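Visitor: Next come the chains, spelled out residue by residue.
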Amino acid sequence: MSDELLEPWRPTAGAWDRAAAAHLYRRAGFGATPAELERALEVGHEASLEQLFAERTEPALRASIRPLLAAGELELLQAWWMGLILAGGAPLHERMTLVWHDLFATSNDKVDDVRLMHAQNELFRTQGLGDFRALLHALARDPAMLVWLDGDSNRRGHANENFAREVLELFTLGIGNYEERDVQEAARAFSGWGTEGRASVFRAAQHDDGEKTLFAHAGRWSSDDALDLILAQPACARHVARVLLEAFVGSEVQEPWIAAVVAELVRCEWNVERVLRALLSSKLFFSPAARRARIAGPVELVAVAARALGARVAPRRAARWAAEMGQALFRPPSVKGWDGGRAWIHSGSWIARHNALVELARGGADEGEVHVDLALVLGAGAGEALAAALLERLLPDTADAELAAALRRTLRQPDLEQARIAGAALLLTTPEFQLF
Amino acid sequence: MLVTRRRFLIDGLRVTALVPALAGFARPCSGSQAERVLVVVQLTGGNDGLNTVVPLRQDGYFRARPTLGMKPSNLHALDADHGLHPSLGELGELFAEGQLSVVQGVGYPGANRSHFRSLEIWHSADPAQPPRGIGWLGRMADQILRTAPGSMPALHVGDEELPLALMGRSVFAPTVRDEHSLRLAELPSLADERSRLVAPGAATGDLAFLRGAARSAYAAAERMERAIAQPASSAYPDLDLAAKLRLIARLVAGGFDTRLFLVTLGGFDTHARQAQLHAARLDELARSLAAFQRDLTALGARERVLTFVFSEFGRRVEENASRGTDHGAAAPVFLAGGRMSGGMKGTPPDLEHLVDGDVGFTTDFRSLYTALERDWMGLEPSTSVPAFELGG
Chain A
1 MSDELLEPWR PTAGAWDRAA AAHLYRRAGF GATPAELERA LEVGHEASLE QLFAERTEPA
61 LRASIRPLLA AGELELLQAW WMGLILAGGA PLHERMTLVW HDLFATSNDK VDDVRLMHAQ
121 NELFRTQGLG DFRALLHALA RDPAMLVWLD GDSNRRGHAN ENFAREVLEL FTLGIGNYEE
181 RDVQEAARAF SGWGTEGRAS VFRAAQHDDG EKTLFAHAGR WSSDDALDLI LAQPACARHV
241 ARVLLEAFVG SEVQEPWIAA VVAELVRCEW NVERVLRALL SSKLFFSPAA RRARIAGPVE
301 LVAVAARALG ARVAPRRAAR WAAEMGQALF RPPSVKGWDG GRAWIHSGSW IARHNALVEL
361 ARGGADEGEV HVDLALVLGA GAGEALAAAL LERLLPDTAD AELAAALRRT LRQPDLEQAR
421 IAGAALLLTT PEFQLF
Chain B
1 MLVTRRRFLI DGLRVTALVP ALAGFARPCS GSQAERVLVV VQLTGGNDGL NTVVPLRQDG
61 YFRARPTLGM KPSNLHALDA DHGLHPSLGE LGELFAEGQL SVVQGVGYPG ANRSHFRSLE
121 IWHSADPAQP PRGIGWLGRM ADQILRTAPG SMPALHVGDE ELPLALMGRS VFAPTVRDEH
181 SLRLAELPSL ADERSRLVAP GAATGDLAFL RGAARSAYAA AERMERAIAQ PASSAYPDLD
241 LAAKLRLIAR LVAGGFDTRL FLVTLGGFDT HARQAQLHAA RLDELARSLA AFQRDLTALG
301 ARERVLTFVF SEFGRRVEEN ASRGTDHGAA APVFLAGGRM SGGMKGTPPD LEHLVDGDVG
361 FTTDFRSLYT ALERDWMGLE PSTSVPAFEL GG
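As you go down the protein sequences, you meet chains A and B in turn.
Per our numbering, residue 1 is the first one in the first sequence, and the count goes up by one each step.
Per our numbering, residue 1 is the first one in the second sequence, and the count goes up by one each step.
Just so you know, the hints here were simulated from the structure itself, not pulled from any lab data.
All of these numbers come straight from a predicted model, not from anything done at the bench.
It cannot be assumed that every hint is accurate.
[To be verified] In silico SDA-like pairs for lysine to any residue, Cα to Cα no more than 20 Å straight-line:
| no. | chain 1 | residue 1 | chain 2 | residue 2 |
| --- | --- | --- | --- | --- |
| 1 | A | 336 | B | 133 |
| 2 | A | 336 | A | 263 |
| 3 | A | 336 | B | 266 |
| 4 | A | 336 | B | 113 |
| 5 | A | 110 | B | 133 |
[Unchecked claim] Label-pair distances were calculated between CB atoms; the ranges are:
| no. | chain 1 | residue 1 | chain 2 | residue 2 | range |
| --- | --- | --- | --- | --- | --- |
| 6 | B | 225 | A | 130 | 49 to 57 Å |
| 7 | B | 321 | A | 112 | 43 to 51 Å |
| 8 | A | 56 | B | 148 | 52 to 60 Å |
| 9 | A | 225 | B | 391 | 52 to 60 Å |
| 10 | A | 283 | B | 386 | 53 to 61 Å |
| 11 | A | 112 | B | 255 | 36 to 44 Å |
| 12 | A | 175 | B | 350 | 25 to 33 Å |
Even glycine gets a Cβ: it sits at the ideal position worked out from N, Cα and C.
Excised from the complex, chain A in its bound form (with noise of 0.2 Å):
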């Protein structure tokens, strides 16, 4: 049975159609604009996902931080990040990057160091789809994580767990794949490792270079050993099948997914481009279980409703949304990431997305940081074919008839713009819009 979750999925005619690309985009990228869904329908779904793979974050964008790091605001760094994701230039790899800042979790209210939280975010940006077990070598290696989990005070004779303690935990094994025994031992393995400035370095006389016993293997194991002693370890690669299941098909993962994606993780060798290939064509990813799956995270919720309405919103805008939902960009509130699922509502939350959401369909309120023409991507219409249209445009896999019944009632109003906007706002801020 979980051979067959991977196979690619073949539509029968009228499949692919809008609500199949949107679930695409929403889960790959950040959302489609109204034109990106069209050429996507147009195209074929073969193609879009080529598509998606073969984007590049444009360069002189993703270079515009760099004159602003000096200023050392951690503001600039999210809003040129939320700005990448909004431009939709390679909406896979930033999705990817969300991914492994979440698993990874490092938080710049300990690093306190933009410049840091940069290159690790390049990190993720640029091995994100690479070799996943490169990837947690140079994690091991990152300024960053270094500064965020100690490295610095493990030192031979001093060892410092916390480092170990989480690649374990959270990382890679979870718990119950190690014991107390190989926190201690793996720390000891990574002593030696930590910064200079702004650079990592290895301090040979720190390191504690005696026996270590990690899953029951003695040797002198260094630091990069004891990685690739627990990525051998059959949990490591369940831990991140259960990572890639949550962020792309949805979070109630089933054993048979993850049977599914251990398999074509050893297949691929950990190349999570060829990986993601393989999980974002499959019959599982397009199958009725993995459709509106997952209760949206806050970027992606800004992002996929500003991109469906075509709108404009200043970057520094649309991060401080995220934030007031409860996701800061570079600010995860503990190494554990953000919980996700059900956790990200409450309601102060609830309201923080109600509210942005109907500033967004308002547009132009505020300082000119919210740009949304209405008309233009709705039409001239009123009544029936406006409600055609906003359904389309945001909900085309909902058919509930009571929406539709209160989305009518509310066009009814003799201003054509004014029912617009609520017409938007309502279904924006609808239960239904918040699962992608």
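With chain A fixed as given, assemble chain B onto it according to the hints.
Guide: The following block gives chain B in isolation, referenced to the frame of chain A:
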């Protein structure tokens, strides 16, 4: 005398509660008990219990803490053997006034040194099982909601994700960050349609969950508008925890029907250079909590609000080479306000008999939960662990 009488009453009421057909579980306690409030303050990261309540007569303490050990002369005396950290002066005053209890050696069997797992254990009151998405406060909120439908039994004040402790079966505890966080920007033409679209309907799974959350959010926004029409006290220090506690005092005094509050104070994971970091965190705790108690006294609400301060674990007895401490086990907790008599409770740590280098637990935190759930709140406890004697 008073203690005996109250315990007798509660025991009597538990008998009634067992016969719901006759008495109804709707009013298991006297009018005043139904108005009682529990505020939980979580010190996130693992508070160093030994430098919070210092066992100043134990040589083992000074041997294990060559640089981090506190000078006895700088401490605020609790009893002959213990003193509070120098930053906790205002808690020392509360203690002297009988408004603060210290329970030492609180933990659980099989101490877990993972922040996340240990927090889950404290939040769910279940050291053995993985959490099932229900926390001890959420369990109480479910019970309160059965007797007071339409109320908002529990509230999370902060900007972090909703803690497991507050998750219940039927209750969705809202989160508020400050007085302004529940202000709704609504288009007037949408208000009516909105309530229809979030009605329960036939939805299941995440959609049903989202609709429930939306209903709670819109109801909370309305309540907040009403409660913050009341003036606020200005006698709080300019600190995050103080702002959160001030909001709680306003809500309690303003007639908000919430009975369970949870706030967190982070920054206790002091692996390196602990002395300054820890002093600052404790300073924030002491000044905020003292201002809260004074405000509650002024508002006439002190006797019905009990504050419980805990952390997911204490820290390793022996300091590390980074002038910090690593994850440990048992630690003291604080209880403030309510009707307690204050004082030192529990068993002091025995530094000559450590468990894996940590302070072993002598009081199971679940016995405190039973006391808070049953004796303070008048509700069914989470577990069958016998109640800790709070006194008062």
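Visitor: Indicate, hint by hint, whether the structure satisfies it.
Guide: Against the structure, the hints:
no. : hint                      : verdict
1   : A:336 x B:133             : 17 Å, holds
2   : A:336 x A:263             : 26 Å, violated
3   : A:336 x B:266             : 15 Å, holds
4   : A:336 x B:113             : 15 Å, holds
5   : A:110 x B:133             : 29 Å, violated
6   : B:225 x A:130: 49 to 57 Å : 52 Å, holds
7   : B:321 x A:112: 43 to 51 Å : 23 Å, violated
8   : A:56 x B:148: 52 to 60 Å  : 57 Å, holds
9   : A:225 x B:391: 52 to 60 Å : 56 Å, holds
10  : A:283 x B:386: 53 to 61 Å : 55 Å, holds
11  : A:112 x B:255: 36 to 44 Å : 43 Å, holds
12  : A:175 x B:350: 25 to 33 Å : 29 Å, holds
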